[in-house]
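Please work from the sequences and hints to get the whole structure.
Position 60 of the sequence shown, counting from 1, maps to 60 under my numbering, and the rest follow consecutively.
Watch out, some of these pointers could steer you wrong.
Pairwise CB distance ranges (calculated) [to be verified]:
id, residue 1, residue 2, range
1, R64, I112, 16 to 26 angstroms
2, K113, T41, 36 to 46 angstroms
3, E42, M76, 29 to 39 angstroms
4, I109, A25, 31 to 41 angstroms
5, P7, D31, 14 to 24 angstroms
6, E42, I65, 10 to 20 angstroms
7, T108, P7, 36 to 46 angstroms
8, G30, T108, 17 to 27 angstroms
9, N70, K40, 19 to 29 angstroms
10, Y14, G56, 20 to 30 angstroms
11, P7, R57, 13 to 23 angstroms
Derived from the structure by calculation, the hints contain no laboratory data.
Cβ coordinates follow ideal geometry from the N, Cα and C atoms, glycine included.
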Amino acid sequence: MHILDLPTDIFNVYPAMIKFKTYQARWQIGDIYVSGDARKTEDNPQGLGCYLVMTGRGCDDIFRILDSRNYTFGDMFRRCERRYGLDNFHFTRLDIAIDDKNEKPFFTIEQIKK
1 MHILDLPTDI FNVYPAMIKF KTYQARWQIG DIYVSGDARK TEDNPQGLGC YLVMTGRGCD
61 DIFRILDSRN YTFGDMFRRC ERRYGLDNFH FTRLDIAIDD KNEKPFFTIE QIKK
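Right under this line is the structure:
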C-alpha cells in the first residue's frame, strides 16, 4: 500500500492465515491481496513480513496503478529496497506467467530478457 501510494481505507481488511503462517490482517482490493502484521516471536524475531498475492487480473491492476504514475514494476521493487533497505526485505518466491495464448511463435528466454 505504501509502495504503491494507495490509501489504506480503499482496502477491505480481514483476519488472515496462509497455510501454517498466521498473519494478523489481510488487505484486499480486487485481485490484489496483502497479508501482514505478523507478531514477532522468540522463534521469529522479525515477524513474518508481508505476503503479496496478485492474480493475473491483479497484476494488470498493479500495472495500471504503476503506469498512471509513470512507474514500472522495476520501480516498485526499487521502492521496496529504498523503504526497507537491502538487508530488511527479500523475495522468497516470484512466479511469473506469460500469457502466450498458445499462439506461435512462443517466446524464448532470450526474447523475454530483451
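The hints, checked one at a time:
Between R64 and I112 the beta carbon distance is about 21 angstroms. The supplied range of 16 to 26 angstroms therefore holds. Take K113 and T41: their Cβ atoms lie about 41 angstroms apart, and the range 36 to 46 angstroms holds. Checking the proposed 29 to 39 angstroms range against E42 and M76 shows it holds: the Cβ atoms sit about 33 angstroms from each other. The hinted window of 31 to 41 angstroms between I109 and A25 holds, with their beta carbons roughly 38 angstroms apart.
Range check, P7 to D31: about 18 angstroms between beta-carbon atoms, so the 14 to 24 angstroms window is met. One distance hint, 10 to 20 angstroms for the beta-carbon pair E42 and I65, is violated here, with the actual separation near 38 angstroms. For T108 and P7, the hinted distance range of 36 to 46 angstroms is satisfied, since their beta carbons lie about 41 angstroms from each other. Evaluation of the 17 to 27 angstroms hint for G30 and T108 yields a failure: the beta carbon distance comes to about 32 angstroms.
One distance hint, 19 to 29 angstroms for the beta-carbon pair N70 and K40, is violated here, with the actual separation near 37 angstroms. In this structure, Y14 and G56 meet the distance hint of 20 to 30 angstroms, their C-beta atoms being roughly 22 angstroms apart. Between P7 and R57 the Cβ separation comes to about 21 angstroms, which falls inside the hinted range of 13 to 23 angstroms.
The structure is inconsistent with the numbered hints 6, 8 and 9, although it conforms to all the rest.
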